[in-house]
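Enquirer: In case you want the letters, here they are:
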Amino acid sequence: MGLLSDPNRRKALTNLLTRLNAPICMVCYLAAIVWFMGLAFEPFTLRTYMSENAMGSTMVEERFSSGERALSLAKEFDAHKRKAGGMPVEWLVKAMQARGLEVFTQSFSRKLPFPDENKERYMVRGTNVYGILRAPRAPRTEALVITAPCSPGNSDNQAVGLLLALAQYFRNQIFWAKDIIFLVNEHDLIGMQAWLEGYHHTNITGMEYSPLQGRAGSIQAALSLELSSDVITSLDLILEGLNGQLPNLDLANLFYAFCQKLGVLCTIQGKLQRNDWDTAEGYTHAAQTMMLMVLKQACGRSWGDHGLFLRYHIEAASIRGINGFRHYKMDVATIGRLLEGMVRKLNNLLERLHQSYFFYLLPSLSRFVSIGYYMPAFGLLAVILLLRVSFPGLDHFTFFNPSGPGVLTVLTPVVISHLTGVALYLLPVHLQEMAVEHFPVSETEAVVLTAVAIYTAGLALPHNTQRLLSGEGTEQGWKVLKLTALLYLAVLLGCTALINFSLGFVLAVTLVPITASMTPHMPKALSALAMVLLSPAFTILYCVFIYQELIEAPVSVGEGWMLFLSVISQGILDHALYGSLVYPLLALFIYPCWLMFWNILFWS
Amino acid sequence: MIQETHSDTIVASPVYTRYIYIKKKKRLVASHFCRLPLSVVELFKVGESFTAAARDQFQEELVIRPLHSGDIYASFQFRTLWDTDFLQERQKVSHYRLFPKSLGQVLSKFSVRELHISFTQGFWRTMQWGQPFIPSPPGAELWVWFHDTVSDVDGNWKELTNVLSGIFCASLNFIDLTNTVQPSASFKPLGLGNATDHRFLRYATLPREIVCTENLTPWKKLLPCGSKAGLSVLLKSEKLFHSSFHSQAVHIRPVCQDEQCTSKAWELRQTLNVVFDLYTSGQGKKEWSLFKMFSRTLTEACPLATSSKVYVDITDNPELFELSPATPLLSQAVVLGDRRTYSVFDLTRAEMFGQLRSLNLLLRWKGDSDMLRPLLHAERYVAGFGLQTGEIHTVIYNNHPYRAFPVLLMDSVPWYLQLYIHTLTVTSKSRDNKPSYIHYQPAKDRHRPHLLEMLIQLPPHSMTEVTVQFERALLKWTEYTPDPNHGFYVGSSVVSALVPSMVAMNTNFTQDQPLFSSFVPVKEESSYFVRVYTEPLLVNLPTPDFSMPYNVICLTCTVVAVGYGSFYNLLTRTFQVDEPSLPLAKRLANLIRRIRGVPLLA
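Protein sequence lines correspond, in order, to chains A and B.
Offset between the first sequence (1-based) and my numbering: plus 1.
Offset between the second sequence (1-based) and my numbering: plus 142.
Incorrect hints may have been included.
Label-pair distances were calculated between CB atoms; the ranges are [unchecked claim]:
no., chain 1, residue 1, chain 2, residue 2, range
1, A, 523, B, 619, 51 to 59 Å
2, B, 700, A, 387, 16 to 24 Å
3, A, 496, B, 313, 44 to 52 Å
4, B, 704, A, 496, 20 to 28 Å
5, B, 705, A, 523, 35 to 43 Å
6, B, 696, A, 153, 50 to 58 Å
7, B, 515, A, 110, 25 to 33 Å
8, B, 622, A, 153, 47 to 55 Å
Source of the hints: derived by calculation from the structure; they are not laboratory data.
Where a beta carbon is used, it is the ideal one built from N, C-alpha and C, also for glycine.
Given only the sequences and the hints, what does the whole structure look like? Please build it.
Expert: So, in structure tokens, the structure goes:
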């Protein structure tokens, strides 16, 4: 600290930072990218290990063998589903009751803000059926949940069949210490949201549902099972939940441990694990897996039915059976044994899962990057913003100088930018009826196109607003605005990265370089183009393309654009239906902040 | 008949300890094999003659109720009457016959008027099983009325819990002032005397208490016959704890010795309730026998018992199930507001055991039937998410089609859930329901829990919801349990009510009964007392990450040392411009100049 208390040395430090500001920033940016890409390199990551004692040493023996019964139940379920044209409530209630569960139903209805064209639904009405296996001599204080969706078409029949077969097998066992809830939810996430809100008696999204009649205390963990095909070759683990929340890493470890034990092919992000980390292909594979996780986490939606549990502090994961690798075929009994093992270990838990990490990235199922390793990558980007606050020519004391620009000069663009943000947040959904009346578009298109229109209009609107009040924009004026905007962006990204690292990092990678170097004296056309190409909307567009590339389904520009539009509508829907925060964050904060920099570019 | 004959040797000895008795019994049991009928007869005579002399009594009873769900409910009751009144006469009692000495000493030492203690593992599923004979909450429950001569009730209570903790091998010593309450209305004395001053009442629950064999063994030791003879041979822990529900209790209260109530006696009632599960114990077959339930059969009554009976609830017979061996003895009783018929097996009669010298009851279901919904039913849960606030919902159902009745709701909530009592709402049929009586005692942090008692009128066929919001307190770090992430327990709420009886409810005349008997409902059967316990709650409190103390200590120390140190340094130090120090040559020159007395160089 002698460094700071000695005025000479302090001055030297300041001089160094001022003189070498630009190179330091460049180095930081490159270092951040390199650090981040290095995270996928196996020697830099840690091997996963089970932290929870209650699940570690006590290996359980799996004895589930009623695979045939599961398949016949699946067929029966399918027949009744077709007959009922949706959830076969009566049959399911009877089937669960016959297996000795306490069965309850919950009906719900939800009118979406605008039609969801991906899933073709608008007015959603459905019923959840759940059966509770009461643990012997347990006082109804703790529960585990196993869910399977009742989805249209052929998919997930086996999941329900397996659920019922498991219920029957579990019911005859004496060792349960926690109640087990078997839930079949209709309309995937909407049903799940209704059930969770009903169970916790909250209403945060305006869902209409009938109150639950039976409960089983506080839910300790949940597993969601999806078997999309009749032939299952491997199991995929899905962890990313709402708002980028992840379950405790021990849940992933548990899944991996049982896959190893039973010799089941398991994947994460649909990608198998490779052992050749020292080859270029091996590294690329790990990097792709990690990038997929980052992109999925960044978009803040729930990638499986488990994602909504995380808000209620319930550790949950989805297990999805996929038919993707030839020569491997898994029978249902094996999946049943895997679930049995996992549930039995969860049943052994004495406390909630809390021993292992909540913040991590997975380059493969057996390797993880903890928050301590990935945070420096973001930190290096955030440092750039703070360094730029002290860039040459920006005198820190102009703020307090009475002869400097008035507060209004700075406040006006800030307020106008944010009003644009509010418009972007509110208008698309509220103006859809008007838009449908006047233009030949559907409601969904209306919403998305309004959003795009407002976004574009925002570019034209505020860049010379400061003239409204104080006439000529001064040199001091833009500097103060830039100072404000830089600090604002630093705080915004910092907070975002703490909650959802991926989102914060992706935004920082695109926003930091252009915002850090922005001045009004740059060539207008070129920098305007650069700014637009690095704006939040284009970030989303790039993410769409990269994602498609990574899942090995590349798209053309036209398809990419359509996907981009559907991503926006999904984002708005996720916010309205489940309370995802990405859309409001982008519309109310990130976009206005970006507009402030846009303002600086056109300062005159 | 058989009871008339006396065995002289035994009656002759006036001081008859249990020890001698057991020796005698062994001899009798040994002879039992050679000349059976007589020796068994003798065995019964023994108990009879002895109790007649001392007026102490012991009765044992087992009620078996087949449940509609296919499970089976077995309820044991052992009743010991102790003919003494030491509280009145202020005399030291050192003479014990049937009554366990350990409990007798506790009663006299702590001036206990009434004592009720229960250990329960599991939750009674009212909706599947109907009402239990003796309800109890999950975990341990203890409530005691002290005699009104006691001056230091809290001191007595503290000592009593510690002593009972030793007697029952349970963690009752965890009962302290932070979980003890004095309910004003919910727990009235069940025995003689009309004490109403609730200053002498203490009530506490330990919802976390786990009940196992270590609690069963001391409980069995309190029985006069131990687990050697009589119904208690069935109490084998490997079966009792292979069940859906297990509850054992001890109730002590003063009762009348005779009809005129000229003298008091102490009644010790030991009860044990167990429900066996259809799937895990019954292999899914709706067929139960004593052997299947307890892996034992009955061979004799407890020789000390004046009565030893097995009742089987056959009200739904013959539609629902068949019972073998059949018995001609039937008994009718109104139990919990319902008229029930029981088959009675009197174990004091030798012919009950048949040729095989053992009694193994067999019940076989024939079909399904629907259960009448229990008239009163309650449940409770925590609403909301996050670790800051929450809401306790208590839902009470009145399933009576046309009668409203009042219930007393008692809630005892630990202090670390800080109740916002202004948010208390009671709603029935989506309308505000104003309780006619509210007794609320706010908690004091680390000293006493919240106590909330309310008298609520339940409209007919309704659901009444009581909600109250709370904030979760941040505990001091030493106050967390070793497993803080498990959560913290909140004991069951207690709903006590006089429920209109189903016998009185039955006005549809479909049952075959004389018309003259059914016009005016019978008054004494018109309502019955029921206590319903809700499930306990498991609430998560904000918990620090205890696995991090090392990191936290390191980080804090560094931050304090570096941050605070340097800022303090900067703030307190005065900066002065330093004279630049002279080069060595000049200093040497100045030294010479000083000696010479010439002005120094700058």
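Enquirer: Of all the hints given earlier, name the ones this structure violates by number, lowest first.
Expert: none
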